[in-house]
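Undergrad: Can you make the complete structure from the sequences, with help from the hints?
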Amino acid sequence: MSERSFPPANKRLGQNFLIDSNITRKIIATAELSSDDTVLEIGPGRGVLTDALSRAARRVVAVEIDPQLHRLLQERQPGWPNVEIMCGDALNYPLETLPNGTIVVANLPYYISTPLLFRLLEHRRRFPRLILMLQNEVADRLVAKAGSADYGVLSVMAQYAADITKVFRVSAQCFRPRPEVGSAVALLRTKQGTFLPPQEASSFTGLVKGAFAHRRKTLVNSLRDEGFDPHIVISALTDMGIPPTARAETLTLEQFTQLTGRLNR
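Numbering (my numbering), first residue to last: 106 to 370.
Honestly, the hints are just simulated from the structure, not real lab data.
Think of the CB as a built atom: it goes at the ideal place given N, C-alpha and C, for glycine as much as any other residue.
Don't take every hint at face value.
Said to hold, decoys possible - Computed Cβ-Cβ distance ranges for the label pairs, DEER-style:
#1 LYS131 - ARG176: 25 to 33 Å
#2 ARG224 - ARG321: 28 to 36 Å
#3 ARG283 - ARG224: 33 to 41 Å
#4 ALA306 - ASP344: 18 to 26 Å
#5 ASP268 - LEU196: 22 to 30 Å
#6 ASP268 - ALA318: 20 to 28 Å
#7 PRO199 - PHE273: 43 to 51 Å
#8 GLN278 - ALA351: 38 to 46 Å
#9 ILE124 - HIS336: 53 to 61 Å
TA: Structure follows, in structure tokens:
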């Protein structure tokens, strides 16, 4: 199907369609797919990556929110006997219906990339790895280390759930229309075990969000403003050998998990 057959990109949905076959091959190679794999593709768009996935995996579930694109993709269904094209919002798609071991491959719409990423990571025991096209600055935040300007809530929460690699950057010229920002592909290998017992997981999330809620303040003051007892926080930090004047961006993932355990005790 020619490019002219498709409707123009929908700006409201943040549509930028991948057109570079070399990038498609690199994504497929990064995914390390076998002929037995099930793949969840989010945002198939005009089907360039879908076509390659259909040849590399046993089953592809492609979720497209745009009804017009969904209808046109369905017209290609006879050539993709192993592809299920679903019309819907990936934020609401019943991920629990997918088999354990499903690989996620997605060109995430930039305007919902963070909430969608968090939702996928909540179901990480179902997904051993995620290959995601993201805004370049989001990819930088995913892999950022403590002490860097990009390090924040997204860095800590994502690295708690997965080992993350920024695999390669993608030029704006690889899309139509060209996005105004740079892109990158990230590989997330999910951690099937966790540092904290389940009952402390929500406490960990609250702690991390509270720690970074006021970046210009010290960790103690930021947490105080979010309802934490500063005396208990100072005591826990002192026991860990961390000065009370420390800021959130200086704590490693391991220190955040350790602090969560101490505050819960």
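Undergrad: All the hints need checking, so say for each whether the structure fits it.
TA: Against the structure, the hints come out as follows:
{"no.": "1", "hint": "LYS131 - ARG176: 25 to 33 Å", "result": "holds (29 Å)"}
{"no.": "2", "hint": "ARG224 - ARG321: 28 to 36 Å", "result": "holds (30 Å)"}
{"no.": "3", "hint": "ARG283 - ARG224: 33 to 41 Å", "result": "violated (28 Å)"}
{"no.": "4", "hint": "ALA306 - ASP344: 18 to 26 Å", "result": "holds (22 Å)"}
{"no.": "5", "hint": "ASP268 - LEU196: 22 to 30 Å", "result": "holds (25 Å)"}
{"no.": "6", "hint": "ASP268 - ALA318: 20 to 28 Å", "result": "holds (27 Å)"}
{"no.": "7", "hint": "PRO199 - PHE273: 43 to 51 Å", "result": "violated (32 Å)"}
{"no.": "8", "hint": "GLN278 - ALA351: 38 to 46 Å", "result": "holds (43 Å)"}
{"no.": "9", "hint": "ILE124 - HIS336: 53 to 61 Å", "result": "holds (58 Å)"}
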